[in-house]
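In the order they appear, the protein sequences are chains X and D. Here my numbering is used: position 248 in the first sequence is 253, and no number is missing along the way. Here my numbering is used: position 122 in the second sequence is 133, and no number is missing along the way.
Read the hints as simulated data drawn from the structure, not as lab findings. Please note that a few of the clues may not be correct.
Facing chain X, according to a computed beta carbon distance under 7 Å, are these residues of chain D, among others [unchecked claim]:
1. T70
2. K85
3. P87
4. R101
5. M106
6. A115
7. R117
8. V118
Here the structure is a predicted model, which means the values were calculated and not measured. All C-beta atoms, glycine included, are put in the ideal place defined by N, C-alpha and C.
Below, each chain spelled out in residue letters.
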Amino acid sequence: MRLSRGGYLIREGFRSITTHGFMSFASVTIIMACLIIMGSVSLLSLNIDALIKDLESQNEIVVFVDEAITDEDSARAIGKNIEALENISSVQFVSREDAMKNFMSRYDSSLMEGIDSTVFRHRFVVKLVDIALMSETKMDLESLKGVAKVNAHLDYAQSFVTIRNVVTAVSLVLIVILVFVSFFIMSNTIKLATFGRREEIAIMKMVGATNGFIRLPFVIEGLVLGILGGGLAFLAEWGLYNVVTEKLVSSITGSLIEVVPFRSVALEVFVIFMAVGILVGAFGGVNAIRNYLKV
Amino acid sequence: MVIMKNVRKVYESSDTVALDDVSLTVGDGEFVFLVGPSGSGKTTIMKLITGEVRPTSGTVLVNDFDMSTIRRRKLPKVRRTLGVVFQDYRLIENMNVYDNVAFAMRVVGAAHRDIRTRVPYILELVGLEGREKRMPGELSGGEQQRVAIARALVNSPRMIVADEPTGNLDPVRSLELMLLLEKINEMGTTVLVVTHEKELVNAFSKRVITIDGGKKISDGEEGYYGQ
């Protein structure tokens with residue numbers, strides 16, 4: 006292709022955006038709207054997932070050392086064996102003296118009058134990597150030498166796992182449905198935008214234009230509209246996310262919630278939005294005129 | 012040049028026989044009227060020539076291309092040897108007169124310099140000098156059809172195929188347009204005019220091929236389109 010011809014086709018692509026201003030506006034708006042809905046659901050799901058993970062990480066297992074082991078150093082040594090197990094995130098040793106202090110701080114200290122710390126056992130507070138494996142880890146801990154008892158809230162853990170699985174499944178289904186619906190809406194909008202130009206395409210064919218010559222301006226136009234839609238959707242999503250999360254955090258119930266900062270996912274959101282915009286724009290444009298080229 | 016031999020065309024969707032065993036030849040440099048009533052098969056012949064449809068059987072040769080077997084991607088090559096004019100002009104509404112004509116040259120990859128010299132020359136030839144910046148909507152029907160002829164002519168095609176070119180014009184404009192096509196023919200381009208306007212055909216002493224009911228009824232030099 007000659008350079009001058011390539012330049013002409015690129016110019017035609019840009020010119021077409023302004024000459025078909027309303028349809029260009031409609032295409033960009035639809036691409037934006039679909040991306041914002043998809044993005045919002047994804048970000049919501051990401052936050053719910055992060056929240057559950059955070060709650061999961063607070064779910065601790067308490068490992069009681071055999072009361073025959075009174076010496077603190079010997080008790081601490083068991084910590085090494087605990088750390089060596091799989092699925093262990095952190096291990097914190099709590100001596101029987103510290104355990105008693107904690108108890109007294111929480112309950113009426115008069116209850117402990119005349120009682121010394123020997124009634125308490127040395128213990129470890131253990132956090133897990135994945136609480137779905139809590140039952141297996143509990144058994145591993147119980148099998149360790151020097152461990153007398155393991156307190157684990159298996160029922161809580163199971164509830165968290167169930168919630169997480171349900172949220173993941175619902176989010177995935179929602180996102181997949183939204184992706185399909187969005188592609189359908191976006192490609193139909195582009196089809197509608199090109200419908201009015203079927204006559205123009207028929208004229209091009211009659212004067213001997215090749216399919217490539219006809220397609221290229223549509224590809225350029227679709228690319229530009231897709232990039233515009235993707236870029237604007239990214240900015241809108243950013244603004245929307247910040248407004249909503251600020252309100253949520255400042256509200257009473259929201260003060261306990263820690264939201265995922267947009268900056269931490271901005272690059273991924275940008276790349277996905279642009280990729281979807283470009284794909285839908287370019288392929289949507291080419292697909293929309295495919296039938297008109299068969300003359 | 013067009014050579015049609017024993018051409019049959021059946022539209023499968025409606026099971027309509029549009030052409031039945033039609034044979035005709037249009038030689039280089041000829042001016043031919045293809046006449047017949049509505050639904051006689053004229054437009055099907057036109058579509059066979061431009062490659063919009065393929066014959067069910069028989070052979071159609073257009074400017075040395077076999078339209079019965081031609082691959083779809085080769086169609087632009089055939090169409091570049093033809094200049095097609097339609098009843099409804101088919102101009103691009105958002106392009107001015109100059110661009111509507113220049114566009115046909117851009118399609119075939121002509122250089123800017125050639126476009127700049129050729130387009131004004133053709134617009135002058137069809138009597139549209141000074142109208143370059145006008146949009147199609149600002150022109151009369153006759154002027155719009157002249158733009159369509161200029162577009163058909165700008166790439167120096169071997170043949171102009173005009174489908175009811177005067178269908179939307181009054182008698183005076185129709186005659187002017189036909190005189191323009193005659194002038195183009197005298198300059199060496201083959202002209203095939205599809206029409207059903209008897210008065211216009213009979214005003215010119217040209218070859219007339221008559222089609223009716225999908226069959227060729229007559230073919231005569233300095234012909235007459237009668238009842």
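Check your understanding: With 7 Å as the cut and Cβ atoms as the points, is T70 of chain D at the interface with chain X?
Key -> violated (22 Å)
Check your understanding: Can V118 of chain D be said to touch chain X, with a Cβ gap under 7 Å?
Key -> holds (4 Å)
Point to revise | Interface hint compliance - P87 of chain D to chain X, C-beta minimum distance less than 7 Å | key: Given a least distance of 5 Å, the restraint on P87 of chain D holds.
**Study point:** Residue hint R101 of chain D, partner chain X, criterion CB-CB below 7 Å
**Key:** holds (5 Å)
Check your understanding: When the nearest CB of chain X is found for A115 of chain D, is that gap smaller than 7 Å?
Key -> holds (4 Å)
Exercise for review: Classify the hint on M106 of chain D as holds or violated, based on whether any CB of chain X lies nearer than 7 Å to its CB.
Suggested key: At 9 Å from the nearest chain X Cβ, M106 of chain D fails the 7 Å test, so the hint is violated.
Review point. Should the interface hint for R117 of chain D be scored as holding, given a Cβ-Cβ cut-off of 7 Å against chain X?
Key: It holds, given that the least Cβ distance between R117 of chain D and chain X is near 6 Å, below 7 Å.
**Study point:** K85 of chain D as chain X interface residue, shortest Cβ-Cβ below 7 Å
**Key:** violated (10 Å)
Figure legend: structure checked against the earlier numbered hints; hints not met, in rising order: 1, 2 and 5.
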